[in-house]
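Asker: For reference, the chains in residue letters:
Protein chains: 2
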Amino acid sequence: MINLDQGDPTLFEPYWRKMGDKCTLVIEGCDLMSYFSDISNICWFLQPQLGDAIKRLHRVVGNAVTEDRHIVVGTGSTQLLMAALYALSSPADRHPVSLVAAAPFYSGYKDQAEFLRSGLYKWEGDAQTFDKDGPYIEVVTSPNNPDGAVREAVVNRGEGKLVYDLAYYWPQYTPITLPLDHDIMLFTFSKCTGHAGSRIGWALVKDKEVATKMIEYMQISSIGVSQESQIRAAKILGVLGEGCRTADSENFFEYSHSILKERWERLRNVVKNSRVFSLPKYPRDYCNFTGKYMDSNPAFAWLHSKEDIDWESRLREHKIIARSGERFGASPKHVRISMFSPPEAFNLFLERLSAIIDNTNGNVVT
Amino acid sequence: MINLDQGDPTLFEPYWRKMGDKCTLVIEGCDLMSYFSDISNICWFLQPQLGDAIKRLHRVVGNAVTEDRHIVVGTGSTQLLMAALYALSSPADRHPVSLVAAAPFYSGYKDQAEFLRSGLYKWEGDAQTFDKDGPYIEVVTSPNNPDGAVREAVVNRGEGKLVYDLAYYWPQYTPITLPLDHDIMLFTFSKCTGHAGSRIGWALVKDKEVATKMIEYMQISSIGVSQESQIRAAKILGVLGEGCRTADSENFFEYSHSILKERWERLRNVVKNSRVFSLPKYPRDYCNFTGKYMDSNPAFAWLHSKEDIDWESRLREHKIIARSGERFGASPKHVRISMFSPPEAFNLFLERLSAIIDNTNGNVVT
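Chains G and W, in that order, are what the protein sequence lines are.
The first sequence begins at 20 in the working numbering and counts up one residue at a time.
The second sequence begins at 20 in the working numbering and counts up one residue at a time.
Errors might be hidden in some of the hints.
Which copy is meant is left open, so a pair is good if it fits within one copy or across any two.
Unchecked claim - List time: in silico DSS-like cross-link candidates among lysine-lysine, alpha-carbon distance up to 30 Å:
(1) 232 with 338
(2) 180 with 129
(3) 41 with 280
(4) 338 with 227
(5) 300 with 311
(6) 74 with 280
(7) 41 with 311
(8) 225 with 254
(9) 254 with 37
(10) 141 with 232
(11) 151 with 129
(12) 129 with 232
(13) 129 with 227
(14) 338 with 325
(15) 41 with 254
(16) 338 with 280
Because the hints were derived from the structure by calculation, they are not lab data.
Put together the whole structure using the sequences plus the hints.
Answerer: Dropping the structure here:
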């Protein structure tokens, strides 16, 4: 069985191995003992060096405006999405605020909105068909998980509040066309550098009151965020930012981009023999970071098939674990495949997918 | 202003400084990148070395049974309490399960139960006056925060489920009279060693289904727990356990016990001049860990006054920040004072408290 269900970004590990001592962190037994990192900051558990590294990196990459923003750190952007829902809803309202995202949407949002049966917010599904009156929160994931599309808000009503999940708005995945400038923008260390185990995310938040409520969420639910992970993220994001000034394999984004680009080419080569399968096409765009026209190479392949088959089940018969389109508010004719697997698993996946396609006529082998 | 509101345990820092290299942790840039620590464990994000260190330490200290228990790691025991509420409630039930704790109870429980307006559970306050029918969860905090009392469950009905919050059941705070053996027991690295910034807590859970639901909570709310904090906690708990075999200042529990004991003696000396203030008395008990009869020296002083004064406000006038009894379901004649402050702050506190007491007659200076 090869597992292409999760997006566990271990494929970037060799780069960090190569960086050697530059990224090595040493922590003494007496370090980082307090709950508090900086009591002069409304986000009192944010390590100042992490805040600085985040701002520097966004400036170097050019993907988000950080001036006059509050940085809220979280246990992954997962915890920050929960914090944003809390901050943007109001206990005084008689009805829960509606939460929507355009389908296909990240499967985690629904679980996060529903699992505690909160009276503050209610998952209402696809933003494209949403027509309820009243306040709502729209999560805009761009580039989108699962399908890699660059997105804008779709509901666009006055009572709406927007949360931008920008986990994949980094140069290895998509051209950086402008520094985004939204009210709440979420990023995660996991997808930026591949350090998923650290569970570090950050939100750039314009409004102080919203930031304060997000911090309150973090306080009540976990009294802050691991200080060890924060200083490690600060160090690694710092090295990453420095490396961006070079144009060779020292540059993490060039390195990670080249891996994903090669994988996408190989996958497209397999799929093009098929009359049944198709993959999304992405427009080439000018990337301000690289100064070149670039393709998108998303973290997930959103495979579509013409045949009315439950592809999650069918792929499982071929010893490939992937996630059904149904989990993303789409049809089971879609399936999401992680492009992040270890090299051997990716090679096996291409072999097995090739074997499903009858190369004489492009149909599925039955 | 001296802040004795929070229980930030930085006073144990000198011990860990003295330990020098023994507790130093080195993390390479390529370490700990995956979400997964051990896919053979139901708690797939638990570092095996942390699980091992936890079991060893409980065996050395003798405060909890770990055999045939599932260990669930959390971002502090705070996140684990939320996970336990999720695990012990049922979306199928028409009514939310009642959550109670005997007053005075830790002020955080109410916030945690109420802030998301969950339909799964409902805060019902003091367990001693609780008389609602139906399923309930009782949190038993022992030794108790704020008052240091050793506790048992008080409701004791068939439909009840118990969560033991044992944050302070360590030898520096209280005699270890037996290894506890309850269904769900919560511990936290913060109060055990003083490493609050790491945000590491653990639950010892008997029932596999309950553990699985707690793990599901961690997955949906934060996709696991900082790996860096986990391996640091493993290292430090390991050193702590080793040090317990010695009977001198190398032994952390002797060190931390002697600090707290001295502070309590000094505080009791100040309070005994007063006819107005009183402190709880704790029975001496035989401690299996030290092999001696020991006093309790809780992390908080639960100061009671005969005079009908809002002591939080009155102390604030004397530049002492403490937490009102009202926050703990008690009267404002009580106030909780952290015994964890830096030495200078503790000295100042004693000076200021002395100044409030008229030493000629024991009344409060007006």
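Asker: Each of the hints needs a verdict: does it hold here or not?
Answerer: The hints, checked one at a time:
1. 232 with 338: For residue 232 and residue 338, the Cα distance is within 30 Å only across copies (28 Å; inside one copy 45 Å).
2. 180 with 129: both (17 Å within a copy, 29 Å between copies)
3. 41 with 280: Within one copy only: 27 Å inside a chain, 45 Å across chains, cut-off 30 Å.
4. 338 with 227: between (49 Å within a copy, 28 Å between copies)
5. 300 with 311: within (19 Å within a copy, 74 Å between copies)
6. 74 with 280: within (28 Å within a copy, 46 Å between copies)
7. 41 with 311: within (29 Å within a copy, 50 Å between copies)
8. 225 with 254: Close inside one copy (25 Å), not across copies (40 Å); limit 30 Å.
9. 254 with 37: both (15 Å within a copy, 26 Å between copies)
10. 141 with 232: Classified as both: same-chain Cα gap 19 Å, cross-chain 22 Å, threshold 30 Å.
11. 151 with 129: within (17 Å within a copy, 33 Å between copies)
12. 129 with 232: both (22 Å within a copy, 17 Å between copies)
13. 129 with 227: Result: close both inside a copy and across copies, 27 Å intra and 26 Å inter.
14. 338 with 325: within (21 Å within a copy, 73 Å between copies)
15. 41 with 254: both (9 Å within a copy, 23 Å between copies)
16. 338 with 280: For residue 338 and residue 280, the Cα distance is within 30 Å only inside one copy (25 Å; across copies 62 Å).
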